[in-house]
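Given next are the chains, with one letter for each unit.
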Amino acid sequence: MAAPLSPNSPSEPTVLLRHGTTKLRADHIFHNGPDPNLVVGGDTANGLSTAPLGGPYPLGAPEDYARGKARNFPQEGGPAILEIEVPASIVALAVHPGGEVLFLPGFGLEELLTAWPQLSKRVYTP
Amino acid sequence: MIFETNIKELSDRYLADVRRPDITGFVDQLFRVAAETGTVACVFKEDKRLQFFVHSTPVGVMGSATKPTQAPPTCIVEHEAARGVLRMICARLGTICKERTAKDISLYGDKAVIDYTVEDRKSWSVSFTNTPERQEFLIEAL
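Residue numbers (our numbering), protein chains in the order written: chain A, 9 to 134; chain B, 267 to 408.
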């Protein structure tokens with residue numbers, strides 16, 4: 009069941025992005041943000057890979073990543089989608105290979121982390 | 267030298283725009299390179315470096331295999347987001363495998379034999395690992 013979106017961000021246009029992972033990791037990122045030094049389930053989160061709604065997904069769909077991660081880590085609560093509304097100015101700083109928006113150190117990750125508490129976001133089961 | 271030149275040219279053409287790399291186009295071209303050399307592999311080398319190379323023990327490659335006594339052709343590509351680029355290449359390979367095989371492919375790492383017509387090659391073995399700790403791939407013409 010989908011959790012409600014948290015309070016909305018300012019008036020700047022936003023882009024709805026989704027990140028596929030496990031419930032444990034999605035909840036952790038939801039509360040702490042995608043800190044590049046964050047260690048969840050033994051993995052260091054050295055970036056945040058997201059995809060816009062609707063596809064196409066030439067680099068893979070969030071749901072497929074969620075299911076794959078849940079298969080690799082069966083003790084982490086199953087697949088989950090972290091959905092975030094990110095200001096367009098921060099999205100513009102990320103890497104856009106087509107069908108994906110990748111936040112990396114030096115490519116929007118720091119700005120995303122700073123804005124994180126104000127972003128509308130939710131975690132749901134795909 | 268030809269391998270190095272090819273990879274450098276492809277990198278300049280498809281990956282030079284750091285914020286908007288054409289990963290799909292680059293991977294398509296990697297298959298073309300592998301059609302000539304028999305294999306293409308890549309590992310994350312260091313902070314901003316990727317090492318592309320012709321794998322020295324190709325499976326089922328006819329005629330174009332590198333002799334074991336020779337150093338395999340290698341090309342180092344420097345990129346501001348090298349690890350991210352390799353992760354995206356692996357993601358694209360995983361998606362291609364997923365689209366072209368009945369096998370349930372894990373996007374975090376898998377191996378598949380796929381049909382994919384590139385030049386005169388039709389069958390490929392693709393393996394990749396795409397986890398936070400490790401990123402690498404191997405494309406082999408069969």
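Derived from the structure by calculation, the hints contain no laboratory data. For clarity, every value in this text was computed on a predicted model and none was experimentally measured. Certain hints may be false.
Below 30 Å or equal to it, Euclidean Cα-Cα: the simulated DSSO-like pairs (lysine-lysine) are [what the hints assert, rightly or not]:
id	chain 1	residue 1	chain 2	residue 2
1	B	K314	B	K377
2	B	K314	B	K369
3	B	K369	A	K31
4	B	K274	B	K388
5	B	K377	B	K388
6	A	K31	B	K388
7	B	K388	B	K364
8	B	K377	B	K311
9	B	K274	A	K31
Q) Which hint numbers doesn't this structure obey? A) Numbers 2, 6 and 9, in rising order.
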